[in-house]
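Now for the letters of each chain:
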Amino acid sequence: MHRRKFLQMAAAAPAGVPLGLAATDHKLPEYRVVSRYPAAEKPGMPGAYPGQVVSVHAEKCIDTASDAPDAAVVSEMMSRGMRSLTGGKDHRDAWAQFVTPSDVVGIKVNCSGAPGIMSSPAVVAEIVRNLMEVGVPPDAIWIYERFQEQVDSVHYDRHLPRGIHIWTAEHRRGSTESYDPATYVETTFFDEDDTRSNLIRLVGGRFTKIINVPNMKDHGAAGVTGCLKNIAYGSFSNVARSHSGTVTNTYSFIGTLAAVEPLRSRTVLQVMDGLRGVWHGGPFLFNRRYRFYPKRIMIGTDPVAIDRLLIDIIDEKRKAENAVSVWDRSEKYLAGSDAHRNNPNANEFVREPGHIEYAAHLGLGVYDIDKIKVTRLEV
Amino acid sequence: MLATVAFLLPTLFWDGSADSADLLRKAGIQKLDVPPGREEAWRKLGFDASAFDRAGAAQATAPRVEYHMDVASATRVPWVDANGWQFERRPQNAYFYDAPAGAAALAAAEAFAYGVHAAIHAVPEDLPVLARMLNFLERIGQPALPVRANIGVIDDGSDAMGEVLNLMARHNLLFQVIPAVDPRYDVIVRPGEDISDPYQFAMQVRRRLTDPKRLVRIYGSNVVLVRLTGDGSRTRVHLLNYGGAAVQGLRVRVRGSFQHATLSAFAHPKADLQDYTSDDEATEFTVPELDTYAVIDLTTR
Numbered sequence: 001m002h003r004r005k006f007l008q009m010a011a012a013a014p015a016g017v018p019l020g021l022a023a024t025d026h027k028l029p030e031y032r033v034v035s036r037y038p039a040a041e042k043p044g045m046p047g048a049y050p051g052q053v054v055s056v057h058a059e060k061c062i063d064t065a066s067d068a069p070d071a072a073v074v075s076e077m078m079s080r081g082m083r084s085l086t087g088g089k090d091h092r093d094a095w096a097q098f099v100t101p102s103d104v105v106g107i108k109v110n111c112s113g114a115p116g117i118m119s120s121p122a123v124v125a126e127i128v129r130n131l132m133e134v135g136v137p138p139d140a141i142w143i144y145e146r147f148q149e150q151v152d153s154v155h156y157d158r159h160l161p162r163g164i165h166i167w168t169a170e171h172r173r174g175s176t177e178s179y180d181p182a183t184y185v186e187t188t189f190f191d192e193d194d195t196r197s198n199l200i201r202l203v204g205g206r207f208t209k210i211i212n213v214p215n216m217k218d219h220g221a222a223g224v225t226g227c228l229k230n231i232a233y234g235s236f237s238n239v240a241r242s243h244s245g246t247v248t249n250t251y252s253f254i255g256t257l258a259a260v261e262p263l264r265s266r267t268v269l270q271v272m273d274g275l276r277g278v279w280h281g282g283p284f285l286f287n288r289r290y291r292f293y294p295k296r297i298m299i300g301t302d303p304v305a306i307d308r309l310l311i312d313i314i315d316e317k318r319k320a321e322n323a324v325s326v327w328d329r330s331e332k333y334l335a336g337s338d339a340h341r342n343n344p345n346a347n348e349f350v351r352e353p354g355h356i357e358y359a360a361h362l363g364l365g366v367y368d369i370d371k372i373k374v375t376r377l378e379v
Numbered sequence: 001m002l003a004t005v006a007f008l009l010p011t012l013f014w015d016g017s018a019d020s021a022d023l024l025r026k027a028g029i030q031k032l033d034v035p036p037g038r039e040e041a042w043r044k045l046g047f048d049a050s051a052f053d054r055a056g057a058a059q060a061t062a063p064r065v066e067y068h069m070d071v072a073s074a075t076r077v078p079w080v081d082a083n084g085w086q087f088e089r090r091p092q093n094a095y096f097y098d099a100p101a102g103a104a105a106l107a108a109a110e111a112f113a114y115g116v117h118a119a120i121h122a123v124p125e126d127l128p129v130l131a132r133m134l135n136f137l138e139r140i141g142q143p144a145l146p147v148r149a150n151i152g153v154i155d156d157g158s159d160a161m162g163e164v165l166n167l168m169a170r171h172n173l174l175f176q177v178i179p180a181v182d183p184r185y186d187v188i189v190r191p192g193e194d195i196s197d198p199y200q201f202a203m204q205v206r207r208r209l210t211d212p213k214r215l216v217r218i219y220g221s222n223v224v225l226v227r228l229t230g231d232g233s234r235t236r237v238h239l240l241n242y243g244g245a246a247v248q249g250l251r252v253r254v255r256g257s258f259q260h261a262t263l264s265a266f267a268h269p270k271a272d273l274q275d276y277t278s279d280d281e282a283t284e285f286t287v288p289e290l291d292t293y294a295v296i297d298l299t300t301r
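Those protein sequence lines, which keep their order, are chains A and B. Taking this note's numbering, the leading residue of the first sequence gets 1, the next gets one more, and so forth. Taking this note's numbering, the leading residue of the second sequence gets 1, the next gets one more, and so forth.
None of the hints are false.
From the derived model, a few chain B residues whose C-beta atoms are all more than 10 angstroms from chain A:
id : residue
1  : Trp79
2  : Pro146
3  : Val177
4  : Ser196
5  : Arg208
Taking CB as the label site, the calculated pair distances span:
id : chain 1 : residue 1 : chain 2 : residue 2 : range
6  : B       : His268    : A       : Gly163    : 27 to 37 angstroms
7  : A       : Ala339    : B       : Trp79     : 23 to 33 angstroms
8  : B       : Pro191    : A       : Asn322    : 52 to 62 angstroms
9  : B       : Glu281    : A       : Phe286    : 37 to 47 angstroms
10 : A       : Phe189    : B       : Ala246    : 22 to 32 angstroms
11 : A       : Glu321    : B       : Gly162    : 47 to 57 angstroms
Please keep in mind that the hints were generated in silico from the structure rather than gathered at the bench. Note that beta-carbon positions come from the ideal geometry of N, C-alpha and C, so glycine has one too.
Okay, chain B solo, but in the shape it has when bound (with noise of 0.2 angstroms):
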């Protein structure tokens, strides 16, 4: 039995005093982690309050997206910055995200997709868009379902092969990491295969998967994370935009043949799918404009 994903919501980690309460309720913030011994003083200001331990945390990196010039054909490159391989790695970790300007929302949408337990620590401009994304997420919910890759991973715990699982989430190359050869999964990586230079490591497991079998592919986006989790009939698409800007029209193809799709976009309430087919091999659809993040539920029927 694969474990499904958790329904986890991430938390504003809080270490202001007790004077920036009305901030905190302005922005719509009801539930904070705080500083341990200090969550009987907010309680007594009517949040839900919980002691972390910021220190004994895994430490989760800022998400973002960088752009490197590539001289050679001068254009900019996107260096992205995400944390689901760790979490994929270390699911039962708690992650603590120290997250500067801008970054709150997408870390908040990051944590949840991978059903991590993550605390955030957000400056105070970020609060109002935190609480709304915080909100978004507790209405889409989390449906029971376990995590689908196509390639599974011993995982030998090196910094080498930590380096191939940040590559292959970053260019979509959905895995799993699993104690021992499982048939389920299209490709298996093991321990001992030659990862010296990781990134033609992960272009190679590309290759020995092909990409028609790949369960998703997105196009017109270079900065778009995916998650996916399903089952027999059900299937739900996580989409991760690192860019910082919305991106417009996004193709997604999802192996499998589904009859109906809902989108529930950031800040894009009332935004449907464009463009739907669907035959016996893929389902695909754009999404008009992806924010932070996106989910797609599709039903066979």
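For reference, chain A alone in the conformation it holds in the complex (with noise of 0.2 angstroms):
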């Protein structure tokens, strides 16, 4: 049984990064894509518009002194935000544009901060319910994310309508029975001795569409985890390999599992939760203090354009804190995973937001701030 391989050898750069981009600072892994799916004629990601993304603002999209949202405000900003960006004439118009009767829909949801922070039942019931509107029937639209127990303290459930599944690829962790055993980055950062990354296997194997549902957080290891760390490290197995001692791959990983297909090619929406935001000790929220509130949803097909301004909300809110930038790469600063925990002047590793650039080179999107078009709304 012989099986077709795309390979895609990227020994030193991929093509079109340049030589400032991966010289000095990061040793870039090789890595060895396998998959058998091609790539759609205009895949999803950048997608039908790229540079271009919505934000739609509304003070009472969620109550802080309770953590409510408000249901209905979050349904007017998905609107608007949907009609903005699509230019459709209502907002089943605009969801047509990307989804049909007949498609089989996986929503990336984010749990890893939950219960405290994750892709809100709010958000998350307002996708399901849009896309039934187009005529996606319940059992053809999958909440999916990696992790059982994270999943679990969310309860999705009491917020979708039944027939929703509500999918995690490990019950129980480390276990491999629900990645496709086909599709896979395989490369060596430290050594490890299972080298292979996984794609899940409902990606290729059931989905015709992916929304893509990641919250506004800081992250550790990746500077800042958005769009592009959502989809990849969210849709993998055995990616928590790429972090050893003080040293992430997060810099050329997270783009290099974003454009695997099918995963860049089904994943035809973005759709950033940001009713609250980490701003230090994601992609955890190991302490509420960290908790804040952008009340502001992100929505676009570009997952670059949206990251490149989540690290700027991020690093402002993080500067209005008197924390370290993202940006700082000094060994000052670096200081294990308790202290990381406790001080926002901790870092647990050499953070990478530089992931985003370089997911742009891979032909993701679009990173330079002033080629994005930002669309501002106020609800």
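Reconstruct the complex from the two isolated chains, following the hints.
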């Protein structure tokens, strides 16, 4: 039984990566990408609206005293955001640009900081409601994430119609049965034994479209975690191996994973849930004092453009809190994981927010802030 | 001519009194090793008993995994206690395991996979699972196949080299102790090489070999160790799980093209391999659930 292999070797740097980006600080691993899936004629990332972001703010979208979102306000934010992005005459028309009734839709949520921060059930429920209005049946909608115990703490089922799948790849941490053995990225970072990261089977085997719903979070290794990290590290197995000691390979690994087919082609919409945010300690929420409320949803098809805006949101908040910038690579702030949890000026790793620019050079979107068109709406 | 792995079934070592005979019968144990001088008494009770000199045997470590916190990355790093490297180094020894609760079945599988003579002292609650494992081992047998390895090691017998062997086994870098340079191996480790840092040396050997040349790779666990035997047309893959919990979805890559494969998995008699692929370069498959031990027999036609 032979299988087709599409091999992508990135021995030094991928085509198009300027030397300045790949040189000195970053010794790039050699990646071997194996996938039998060809790219779509027009891949979902960066998709129909490269370099465009609709940023919708609503002061009343969440009650910060009770931490309770207002579903009606969230619905209005989504509707106006989608119409603005697409030019659709109504929200149904806007959503129909991305999905059809025959699609099987995966919704990639983020629950790594749950229950303190996650893709809000209010946002996810609004996405589901719109998919169903377009005609996607409930049993063709899959909320997915990697780790069962994280999703269990959110209780999405209480907010969604019957029949929607709420699915995780690892009921027990480390089990690999839900990953596709024929679609993977192989590389060695730190002489680890298991050198493969495999794509979740459903991505290639069942989903025809994917909607990515990250949060607005700081990240101890990647600098920030937004669209790219959520879709990449959240859709592949065995990714924590990319960090060791104070070194992380998120710089090149995140974009490399996000560009693997069919993940890249099928991820057609990015909905960044910024009702809540985390300005330090992400992707987790170790301490509620690190949570803040941007009260914002950013919508687009270009994960790089949205994440580029995210860097500034997180860094500005960190600056306001007198915390070191996510860009600071100084060794003097490296202090181990315990210190990192308790001190906003202690880093666990040399952070790699440059992963977003790296992903741009893989063709996943627009990084140059001057070339990103941001439409700001107030609800 | 390469030596083949012996078909040796490990044996329960039992120093309990004759009062415990019913306990053994209920567990399904028929064959025993006992302290010298007690064998006749046990034979009279209907057991197939042999004398075993515990003090004269080499001591095997209780097989298991320990997790140490890696402070830097807040992950748990598995530390595997395994004996394969010692068995490979001194296959002629008789070995004695003093197996704590939960370790006896894995000890039996480990000794069997390496074809060494071993006696296992088990706690009473482990007798049923040990008996099931011994039955399983007897049923699958041991084809007379030579060991397959990428790395030939000319062993100087030093403790440092012992640690290198341990680490190579731990990372599934298949080696065999050899008396002299042999071109059949991809990499030769010679006496006099700088092994002052055994871990770094083992990783250096891995880089000299390169991963694509490795006869076997596993994906999906870092607590499963592999033993490989085979000739031109047949290969047997032994998978030993030290983790204490079943591994779900273990992916295995074996160099070479094999058209047929049979899985024999302890505790999962009806399990079949999944996602089987084979091309000119390698054969891959998934073991859906690996309990303590499984073997996969591959044939070229």
